[in-house]
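A.B. asks: Each chain, letter by letter, is given below.
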Amino acid sequence: MAAVRELCKSLVQPILAVMIGLLTGAVVIAAVGESVVGTYQEMWKGAFGSFYFFTSTMARATPIMLIALGLALAFRAGVFNMGAEGQMVLGAISATLVAIYLPAPGIVKMLVGIIVGITVGGLWSLLAGYMEAKFRIPLLISTLLFNYIAVLFASYLVSDPFQDRTGSAALAQTVMLDKSAWLPKLFAGMSVHAGFFFAIAAALLLFWVIRFTPFGYEVKMLGQNPLFARYGGINQIKVMLTGMFASGGLAGLAGTVEVLGSHYRFVDGALTVPNFAWTGMMATLLANSNPIGIIFTSILLAAFQTGAMGVERNTEVPLEVASVIQAVLILFISAKFSYDWWKKRKVKGGESHGAA
Amino acid sequence: MELLDLSLISSTIRMVTPILLAALGGALCTRVGIFNVGLEGLVLVGAFSAIVGNHFTGSLFLAILFAALICVLFSLLFAYMTIGLKANEIVVGVAINFLALGLTTFALRAIFGVKGAFYDKEMAGLPKLDIPVIKDIPVLGDIFSGHSPLVYLAFIAAILLYLFFYRTVTGFRVLAVGMNPVAARSLGLKVTGLQVLAITMCGVLCGLAGAQLSLGQVTMFTEGMTAGRGFIALVAMMMGQSHPLGILASSFLFGLMDAISIRLQGFSLPTQFTSMLPYLLTIVAMFFVKEKNRAGGNQQSSR
Numbered sequence: 001m002a003a004v005r006e007l008c009k010s011l012v013q014p015i016l017a018v019m020i021g022l023l024t025g026a027v028v029i030a031a032v033g034e035s036v037v038g039t040y041q042e043m044w045k046g047a048f049g050s051f052y053f054f055t056s057t058m059a060r061a062t063p064i065m066l067i068a069l070g071l072a073l074a075f076r077a078g079v080f081n082m083g084a085e086g087q088m089v090l091g092a093i094s095a096t097l098v099a100i101y102l103p104a105p106g107i108v109k110m111l112v113g114i115i116v117g118i119t120v121g122g123l124w125s126l127l128a129g130y131m132e133a134k135f136r137i138p139l140l141i142s143t144l145l146f147n148y149i150a151v152l153f154a155s156y157l158v159s160d161p162f163q164d165r166t167g168s169a170a171l172a173q174t175v176m177l178d179k180s181a182w183l184p185k186l187f188a189g190m191s192v193h194a195g196f197f198f199a200i201a202a203a204l205l206l207f208w209v210i211r212f213t214p215f216g217y218e219v220k221m222l223g224q225n226p227l228f229a230r231y232g233g234i235n236q237i238k239v240m241l242t243g244m245f246a247s248g249g250l251a252g253l254a255g256t257v258e259v260l261g262s263h264y265r266f267v268d269g270a271l272t273v274p275n276f277a278w279t280g281m282m283a284t285l286l287a288n289s290n291p292i293g294i295i296f297t298s299i300l301l302a303a304f305q306t307g308a309m310g311v312e313r314n315t316e317v318p319l320e321v322a323s324v325i326q327a328v329l330i331l332f333i334s335a336k337f338s339y340d341w342w343k344k345r346k347v348k349g350g351e352s353h354g355a356a
Numbered sequence: 001m002e003l004l005d006l007s008l009i010s011s012t013i014r015m016v017t018p019i020l021l022a023a024l025g026g027a028l029c030t031r032v033g034i035f036n037v038g039l040e041g042l043v044l045v046g047a048f049s050a051i052v053g054n055h056f057t058g059s060l061f062l063a064i065l066f067a068a069l070i071c072v073l074f075s076l077l078f079a080y081m082t083i084g085l086k087a088n089e090i091v092v093g094v095a096i097n098f099l100a101l102g103l104t105t106f107a108l109r110a111i112f113g114v115k116g117a118f119y120d121k122e123m124a125g126l127p128k129l130d131i132p133v134i135k136d137i138p139v140l141g142d143i144f145s146g147h148s149p150l151v152y153l154a155f156i157a158a159i160l161l162y163l164f165f166y167r168t169v170t171g172f173r174v175l176a177v178g179m180n181p182v183a184a185r186s187l188g189l190k191v192t193g194l195q196v197l198a199i200t201m202c203g204v205l206c207g208l209a210g211a212q213l214s215l216g217q218v219t220m221f222t223e224g225m226t227a228g229r230g231f232i233a234l235v236a237m238m239m240g241q242s243h244p245l246g247i248l249a250s251s252f253l254f255g256l257m258d259a260i261s262i263r264l265q266g267f268s269l270p271t272q273f274t275s276m277l278p279y280l281l282t283i284v285a286m287f288f289v290k291e292k293n294r295a296g297g298n299q300q301s302s303r
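Residue numbers (the numbering used here), protein chains in the order written: chain R, 1 to 356; chain U, 1 to 303.
Chain R with its partners taken away, still in its complex shape (with noise of 0.2 Å):
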């Protein structure tokens, strides 16, 4: 019963967040002259109206989720890994470039360059918590300027040395997979792919992880009390680099996933522009960083993404709409966030045992 309680209060906060966001939409809608009902109604089309919009709905949910659970795990452990949109990137030229001159048969070709995305990402995200840990540099503004290194170094790449010529316009991007290579569709002529299922399978892992191991308790440790981690004798830094290692790993894998499972080839700015990055981190934000929670922002977030999608083909209404349903249902939950943080601590003022 008491666990039953405890699961509608996590879930009222981003119900109602949820709530106030459709609403400033209708809100915004109306103020375009459109039909409020009528473009909800089209947005729930294009995200789940048909098999083809749903299954396009969690291909895009797939690289915001493994993001988010990425980020989940970072932030459980009270570090803010701002880099997921250069850790991907990062993760999926050097896929790609795997997956293009390894000399090997196709699955052996996929399968490294999926090993080599998430242990690109996963140093590349590792180097930052190495800089704060070793010399003290702020993870919240290395993690930040990687971004743009990350995604200037990967546009270099495909735009000189490893530029596909074969086409007659000259667009940054390297050649196309071989057809072995390619990660398998679930549905023929659908855009979800077998990435969808290395993120739910994250998700369970990470869950395990964070519920039922050491680690997990550790980091859950750190995150709410670091002098009690450091009292409890918990090697602060190596919690702290293990889930940068594997936050930047997941975020590699979400960006090789991507290139091996939709685009086949890395397009420059074919991750940065639809916003995965930054789409995860609200994912994350939203779930209150619990991994069974992401599957299901990640899924909503995607949903409001193509929805809007559907609504600009078919209304006066600008995609754009889904960017502000998005920043007010954030703004609202993480005003949340620190209203819990604040209530817990008076209870513990008042009384000395724990409510959880």
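Quick caveat, the hints were computed from the structure, so don't treat them as lab data. Predicted model only: the values in this text are computed from it and were never measured. We treat Cβ as the ideally placed atom computed from N, Cα and C, and that holds for glycine. Don't take each hint at face value.
To be verified - Cβ pair distances, simulated, as ranges:
id, chain 1, residue 1, chain 2, residue 2, range
1, U, 122, R, 35, 31 to 39 Å
2, U, 166, R, 153, 33 to 41 Å
3, U, 59, R, 166, 48 to 56 Å
4, R, 112, U, 182, 50 to 58 Å
5, U, 122, R, 31, 23 to 31 Å
6, U, 73, R, 227, 33 to 41 Å
7, R, 4, U, 172, 51 to 59 Å
8, R, 33, U, 166, 46 to 54 Å
9, U, 114, R, 227, 54 to 62 Å
10, U, 80, R, 233, 35 to 43 Å
To be verified - In silico SDA-like cross-links for lysine to any residue, where the CA-CA straight-line distance does not exceed 25 Å:
id, chain 1, residue 1, chain 2, residue 2
11, U, 86, R, 24
12, R, 185, R, 54
13, U, 86, U, 179
14, U, 115, R, 33
15, U, 115, R, 269
16, U, 115, R, 35
17, R, 238, U, 287
18, U, 115, R, 44
19, R, 179, R, 115
20, R, 134, R, 216
21, U, 86, R, 18
22, U, 86, R, 290
23, R, 185, R, 108
24, U, 115, R, 314
25, U, 86, R, 15
Said to hold, decoys possible - Covered by chain U, per the in silico footprint, the following chain R stretches (three or more residues, Cβ under 8 Å):
id, stretch
26, 28-39
27, 134-144
28, 147-154
29, 273-286
30, 309-321
Assemble the complex: chain R is given as a structure, and chain U must be docked to it using the hints.
C.D. replies: Structure of chain U alone, referenced to chain R:
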């Protein structure tokens, strides 16, 4: 084409302005202990509302005023969420960026009925201001004269902010709030009031930065036209250690890199590396200079 000549410096000064203004705004926030990631969004809102103001009033002065006003409203939202509701400032900043991108694109459609970009050839940009004596001096005249008023304002703002921080009582109080809010409060300082004041000023500065972007450089608005300049301003602010003169120097570095990377497109050098340079430099710089009061507090504030 020459790589280094006088027009390079002149275009650097133009490029620097929006970054400098926004970075000064960010510094104000940082100095009261609030890390404002929402600069990008605020500048974008400023750029858009400057165009809107110009379109409906036909007066450049009112347009700039309008841009500043709308940005102040946005930053008050930021202040309310972070100080009033005690939300995480980074989360709110990220949300503000999204909101700004969404709302400006949306309003572009709603107000002007266009998509992508709004351009009106009737619309006047900011005038070029010639400084009486300096414009006649051969070299200096080419560099320093003939910029929009906001360019000069930006440099004046940097100096004023320096005087404000280190020569006025309110400035000292602002610094005290950033260093230790609890101690500041126990001294009887109105911490919340000072924080809101700083955030409001940041809004004004970001509004000016946006106006320079949309009226001073191109006289048009395009979707997401800030293109990461707000984040660059954030980096310039960090590199300048939130010190107005430090920010002046670091913004110059970014502006110069910007101008050089545009110039390099004429050569067959990859521009990505020149664009990358400021970020690399910032990281290197961070090895040597460390903010003492941030190092400990950072991990705490990241929750």
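A.B. asks: Would you mind marking each hint as holding or not holding in the structure?
C.D. replies: Do the hints match the structure? See the list:
1. U:122 with R:35: 31 to 39 Å: Given about 34 Å between the Cβ atoms, the range holds.
2. U:166 with R:153: 33 to 41 Å: Check passed, 40 Å falls within 33 to 41 Å.
3. U:59 with R:166: 48 to 56 Å: The hint (48 to 56 Å, Cβ to Cβ) holds, given that residue 59 of chain U and residue 166 of chain R are roughly 55 Å apart.
4. R:112 with U:182: 50 to 58 Å: 54 Å, holds
5. U:122 with R:31: 23 to 31 Å: The hint (23 to 31 Å, Cβ to Cβ) holds, given that residue 122 of chain U and residue 31 of chain R are roughly 26 Å apart.
6. U:73 with R:227: 33 to 41 Å: 40 Å, holds
7. R:4 with U:172: 51 to 59 Å: Holds, since residue 4 of chain R and residue 172 of chain U (Cβ atoms, about 54 Å apart) stay within the stated range.
8. R:33 with U:166: 46 to 54 Å: 52 Å, holds
9. U:114 with R:227: 54 to 62 Å: 55 Å, holds
10. U:80 with R:233: 35 to 43 Å: With Cβ atoms ~42 Å apart, the hint holds.
11. U:86 with R:24: 22 Å, holds
12. R:185 with R:54: Given that 25 Å is the threshold and the Cα spacing comes to 14 Å, the pair holds.
13. U:86 with U:179: Cα-Cα ~19 Å, so holds.
14. U:115 with R:33: Status holds; Cα separation ~16 Å.
15. U:115 with R:269: Between residue 115 of chain U and residue 269 of chain R the Cα gap is close to 21 Å, so the pair holds against 25 Å.
16. U:115 with R:35: Answer holds: residue 115 of chain U to residue 35 of chain R is near 20 Å, not above 25 Å.
17. R:238 with U:287: Within the cut-off at roughly 21 Å; holds.
18. U:115 with R:44: Measuring from Cα to Cα gives roughly 23 Å; hence the hint holds.
19. R:179 with R:115: Satisfied, since the Cα-Cα distance of roughly 19 Å is no more than 25 Å.
20. R:134 with R:216: Satisfied, since the Cα-Cα distance of roughly 24 Å is no more than 25 Å.
21. U:86 with R:18: Distance of about 20 Å is within 25 Å: holds.
22. U:86 with R:290: Between residue 86 of chain U and residue 290 of chain R the Cα gap is close to 22 Å, so the pair holds against 25 Å.
23. R:185 with R:108: 18 Å, holds
24. U:115 with R:314: Holds, at roughly 15 Å.
25. U:86 with R:15: 20 Å, holds
26. 28-39: This one holds; 3 residues, not fewer than the three required, reach chain U with a Cβ under 8 Å.
27. 134-144: holds (count 9)
28. 147-154: It holds, with 4 qualifying residues against the three required.
29. 273-286: Coverage by chain U holds for the stretch 273-286 of chain R (4 residues, Cβ < 8 Å).
30. 309-321: holds (count 5)
Consistency note: the structure conflicts with none of the earlier hints.
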